[in-house]
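K.L.:
We have chain A already, so just place chains B, C, D, E and F on it with the hints.
6 protein chains.
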Amino acid sequence: MRPNRLWDIWAAGRAASNCWLNIPSPYVAELIAHQGWDSITIDLQHGMIGMKDAYAMLTAISTTDCVPLVRVPWNEPASIMQALDAGAYGIIAPMINSREECEAFVGACRYAPDGYRSVGPNRAVLYGGSDYLDKANRTVLTIAMIETVEALAALEEICTTPGLDAVLVGPSDLGLSMGREAKSNQTDPEVVKAIDHILEIAKGAGRKTAIFNSNVDYAKQMAAKGFDLVTVASDTGMIKSGAGLVREMRG
Amino acid sequence: MRPNRLWDIWAAGRAASNCWLNIPSPYVAELIAHQGWDSITIDLQHGMIGMKDAYAMLTAISTTDCVPLVRVPWNEPASIMQALDAGAYGIIAPMINSREECEAFVGACRYAPDGYRSVGPNRAVLYGGSDYLDKANRTVLTIAMIETVEALAALEEICTTPGLDAVLVGPSDLGLSMGREAKSNQTDPEVVKAIDHILEIAKGAGRKTAIFNSNVDYAKQMAAKGFDLVTVASDTGMIKSGAGLVREMRG
Amino acid sequence: MRPNRLWDIWAAGRAASNCWLNIPSPYVAELIAHQGWDSITIDLQHGMIGMKDAYAMLTAISTTDCVPLVRVPWNEPASIMQALDAGAYGIIAPMINSREECEAFVGACRYAPDGYRSVGPNRAVLYGGSDYLDKANRTVLTIAMIETVEALAALEEICTTPGLDAVLVGPSDLGLSMGREAKSNQTDPEVVKAIDHILEIAKGAGRKTAIFNSNVDYAKQMAAKGFDLVTVASDTGMIKSGAGLVREMRG
Amino acid sequence: MRPNRLWDIWAAGRAASNCWLNIPSPYVAELIAHQGWDSITIDLQHGMIGMKDAYAMLTAISTTDCVPLVRVPWNEPASIMQALDAGAYGIIAPMINSREECEAFVGACRYAPDGYRSVGPNRAVLYGGSDYLDKANRTVLTIAMIETVEALAALEEICTTPGLDAVLVGPSDLGLSMGREAKSNQTDPEVVKAIDHILEIAKGAGRKTAIFNSNVDYAKQMAAKGFDLVTVASDTGMIKSGAGLVREMRG
Amino acid sequence: MRPNRLWDIWAAGRAASNCWLNIPSPYVAELIAHQGWDSITIDLQHGMIGMKDAYAMLTAISTTDCVPLVRVPWNEPASIMQALDAGAYGIIAPMINSREECEAFVGACRYAPDGYRSVGPNRAVLYGGSDYLDKANRTVLTIAMIETVEALAALEEICTTPGLDAVLVGPSDLGLSMGREAKSNQTDPEVVKAIDHILEIAKGAGRKTAIFNSNVDYAKQMAAKGFDLVTVASDTGMIKSGAGLVREMRG
Amino acid sequence: MRPNRLWDIWAAGRAASNCWLNIPSPYVAELIAHQGWDSITIDLQHGMIGMKDAYAMLTAISTTDCVPLVRVPWNEPASIMQALDAGAYGIIAPMINSREECEAFVGACRYAPDGYRSVGPNRAVLYGGSDYLDKANRTVLTIAMIETVEALAALEEICTTPGLDAVLVGPSDLGLSMGREAKSNQTDPEVVKAIDHILEIAKGAGRKTAIFNSNVDYAKQMAAKGFDLVTVASDTGMIKSGAGLVREMRG
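Residue numbers (our numbering), protein chains in the order written: chain A, 211 to 461; chain B, 211 to 461; chain C, 211 to 461; chain D, 211 to 461; chain E, 211 to 461; chain F, 211 to 461.
Chain A with its partners taken away, still in its complex shape (with noise of 0.2 Å):
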């Protein structure tokens, strides 16, 4: 089977730079693809994304050795499932606020008897390899979303779920729920803190640590405290860039 570069990386000391694709088009997923990335993100819950669109994005994606994420719209089976047996090689869950949502989350991911994923990998062989059943619990990553003080006071409990490989920060909505501010690349002390806990225990529990910015500095900041995967750019922040050239123009 494929094997996940990412744990390469790892293996190597070296933190995973990811790229977020929010814009449900193979077309843009093929060019950030050929950009470098460690990795990139198909975002199905809050990204304009469909599982259509995520089917044809996997598939520009691997035109390169890029691997591909998913982010599922929801903690739900359905999805999950659809989205591996697609050839993604990661699924992110959101708001895995309980030790429990954190083991029907896994357990989606992993064929028996380690979960109850169920079998049919259609694209996923032609991506992963004709040996993908026997392979494919140890290579695809779990990734729990760390997100909302629920999450924070069951934080031990989540890390240590069997199977799960990595939990990921959620800044803007941590941030709220905090009762600070939604933003990504965090400064709130409390935010900041929270982050830093985070990070502690989950490292503790033998997890890989990831965590969502939206530049290159807070993104080698976040690498340096010895996050994993960080995430620093997305397609739509790219295409936002353009508001600079207008006012450019105009100036």
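Mixed in with the good hints, there may be bad ones.
A pair counts as met if it fits within one copy or between any two copies, since identical chains are not told apart.
[Claimed, not checked] Computed cross-link-like contacts, DSSO-like style, restricted to lysine-lysine with a CA-CA straight-line distance of at most 30 Å:
#1 K435 / K393
#2 K262 / K413
#3 K430 / K403
#4 K430 / K450
#5 K393 / K450
#6 K450 / K345
#7 K345 / K393
#8 K345 / K403
#9 K413 / K450
#10 K262 / K403
Note that these hints are calculated values from the structure, not bench results.
P.N.:
Quick look at chains B, C, D, E and F alone, frame taken from chain A:
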């Protein structure tokens, strides 16, 4: 943030006229949005419309000042949040049968601390404006469908759910659930009595009231009775009018 | 091969009633195909419909015995052959202004030795039957639009083109081309005279005659006048009827 | 209402032959529907098929008298009701592991008072007929998949669920769940024993029985054993036959 | 009819800033339309965009007052008329190399008696208004690309074609055609001389002048030189900026 | 630039095996691309495939090293250039009947000074590499179909067109055009003689030779005869093999 014109209409003491969309077509949506309806409902439950179609249709409706509402397929956070992120200004949830279900529904529509809606209003910011995050909780309508005997039994608790803006009577399902005929524009005395009861309880709880109808006469009666939002017609209803033309040609 | 019911209708001395489709939606096409029209025209020229939509709409129409016609975007072999391969039972070519253009059009619709249509009736075989190749030349209708002063000047040569089955009057373009108003259901005496002239010459040449109209009354008049195929209504016309409902609600 | 031909086939004492669709293509669906299968299953769980594709494929299948079944992604009311509204004549629900799950499934397929299916059979009326609402509960098949050790343990309770029409054995998941190999056309004695047990209990409860296979020989054996509905082939299986042609050319 | 804001901008003596779209995505189009560009060009020639995408993108742009232009794939009446019917307020035709080609192009954009555009402005009426038919000939821009040595040789005849509104310099093709490098933002003295010549002749003939560029500096120079419409950026250019972020992360 | 593997195969003295695609599905394309074919042809003429589908299918094929060819709908610059910009490594033009037509075809495939292809290889650069513009003229194959008696009469002039790489025999159209049966795998002596003649003249002119077949045996014969590129199978042919399975089940 762009205001929700339905609140203005209601403040002016007028009942709003709504058109219902079952056809997955942005062109149909744009044609109908130009007809002057106060609001349009994109039906993801019984319409042949998926979330991707809804994105295109919301965009088409955004070329006018018609208020876009979305009925989600079921009371589930994933589709509720996706419709809101895409710019829906109101969510209609089918078959709300208990206070617990209503709280789950309303919570999915509201950012913390009022609910658990996740942050990421991608297209909603384009439609609503850059202050969307601050004002969405007060702008976006939460509309629970009352259409079963279970809901009638829990009516008071449903209507008093904090954060609920309106209830919408579904006369076909309500009729069937009561052991009567499944039809809109109900005339069955038992069902009419139930509808009047919903109207009374909801108004008493300070909620706006809405009802599905399929012709102008019945819609006018419902507005006269006190309903705040009346569905008058649907895209498929307009298309079905073509059957009469065939008969005229033949006759 | 499945016979072309329009020939049967004409053999029975009846004018056929046609509905016009501008909306790219197989659901609308299926709804309208169930209304009992003799034929339906998918408009690839002015409708918002592409060839891929036409494939889906032809499939939808094939759930009934309604005859599917396609107006191609322009008199070009590519789209003519694609529409036929997809199962269209008649092709309407816009703006046929000369004998040469008409011969190019008819040739694209006919297999050798009658024309130069290329072999590959992929979906047409499913719809028409396994003997499609043998009988298509006698089954599929070739319909040339007469809608300019150039066409009026070349009327005789156009109408006598071997292999041409019918002419279709386009009253809007004809009116505009003659320096009069661009409208369907023409009442302008000059344009009416030209329409009558087309009817006479085409009938004299043994061709079937068709005309675009947009209401039942005018369509009945045209049938009474001798037209063999009259367009009575359109999907967008049905949708536009909704504007009246808004006025009724407000009024 | 158009009858469900599977009931007729079973009344005649014949096992029905089913073809499985994984490819999101109405053209493939139409090609296969013309091959003479008794039924076709559109797989929304493991197939690369979304609900919008299913609408187009159901339309394509409706050009023939082949019975359209849909496997939904998961046991959830939203997709069950959407597939039914689109004209599916049977719903296959994956991984039914308890009586409670089976009741939730069956209830989503039946109008009150038999269940809680919501009224709005948009395309289903076109396919089934104008009396759809009255007869759907007796026409549409409810088929629960038995494919885990949990389901084996609850077999009796599942099979006796009121309103359940049939059970479908999923041999790959069943094998894996039992700690054996995940494959169709099972020969593992333990799994075969479990399959026989399911057949016996289901028949004893008066349910129809179905099984997924992937070749003619095994399907014939299963029919001989008493299964009422056997899957014989799939669209992707047909496409995969092409790999042999490459070897032949090279060999 | 909604006026063409480009005429207003030019009347005010300002050069218009244009953004170029290659990505088939209404969401990207809507994001960019909100950035404040004077006009946006949807490129059906080299962009990965088909006519169906263009319909969705024109709708998205219509949520703002940005002027929508379309470059058609080739100088052919079918796509020109479809883009106009869909609401394009200007058509850019590639590789206009002779007076005859330019007349064919302009004629396809104008209703009789000025040209041979066929009547059927389906979506254009929604965007432009109910008097579209009367005013379209004066509102919609005809823009001929000058990008070959053949065009240079016929420059005078092309520029004086009645009904032509503007010429657009394509620097890459022009460079290649002249035996120089194919690039935008030309600095090759021979090509620059040719560009200046085009500017002079076109202005002398009373035509507006446009040029494709790919950065702000060069676009400003071209505006200073007298060009009326300068392309400053493209959606793919914005996306490609992401490659720099990867380098920054790595560096 | 990524080399065109067909040139390598031919340099090694081997005939290339090609598979033909009629189904508009990137999933089918990806499945077949993984089967080991030397090349795959996406058929935009008779296949149910539009340019947008072709983009997705080219992307899917790009996950393997299979060479992607495209048959355009007709000999027209628009679709030829779009297919090349999307990354096709060879263009097949139908019904090339004269030297003039062949020159127009080849010119549309080649950048100046060899032709008039316009610059803008959006996706082609991703697939081919950053030096695409320099090397495309030598890499991309131009393949003219010989399939009419007119083409037979002009064979020498067609085959000697500068820049033409290969000719492709279309046996169905050729047969029909010669007054014989329209079928692949021709055995009609007259048609076989014509095919042999084409092979001889084309080889004499230094062109590669290709032929459409529909089974392994005939394809092997053609390779033995000297054809350089033989079509062995098609996606629809694979699907159609399912009809035999129904017969086996019934038999």
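K.L.:
Each of the hints needs a verdict: does it hold here or not?
P.N.:
Verification of the hints:
In this assembly of identical chains, K435 and K393 lie within 30 Å of each other by CA distance solely inside one copy; the values are 19 Å within and 44 Å between copies. In this assembly of identical chains, K262 and K413 lie within 30 Å of each other by CA distance neither inside one copy nor across copies; the values are 35 Å within and 39 Å between. Only within a single protomer do K430 and K403 lie at most 30 Å apart by alpha-carbon distance; the minimum there is 18 Å, versus 47 Å between protomers. Taking the shortest Cα distances, K430 and K450 sit within 30 Å of each other both inside one copy (22 Å) and across copies (21 Å).
When the C-alpha separation of K393 and K450 is checked against a cutoff of 30 Å, the pair qualifies both within a copy, at 17 Å, and between copies, at 25 Å. In this assembly of identical chains, the alpha carbons of K450 and K345 lie at most 30 Å apart only when taken from different copies (23 Å versus 40 Å within one copy). Taking CA atoms no more than 30 Å apart as the test, K345 paired with K393 passes between copies only; the shortest distance there is 16 Å, against 38 Å inside one copy. Taking identical chains as interchangeable, the C-alpha atoms of K345 and K403 lie at most 30 Å apart only when they sit on different chains, with a minimum of 28 Å there against 38 Å within one chain.
For a Cα distance limit of 30 Å, the shortest separation of K413 from K450 qualifies neither inside one copy, at 35 Å, nor across copies, at 35 Å. Proximity of K262 to K403 under the C-alpha cut-off of 30 Å is found in neither arrangement, the shortest distances being 39 Å within a copy and 39 Å between copies.
Of the numbered hints listed earlier, those contradicted by the structure are 2, 9, 10.
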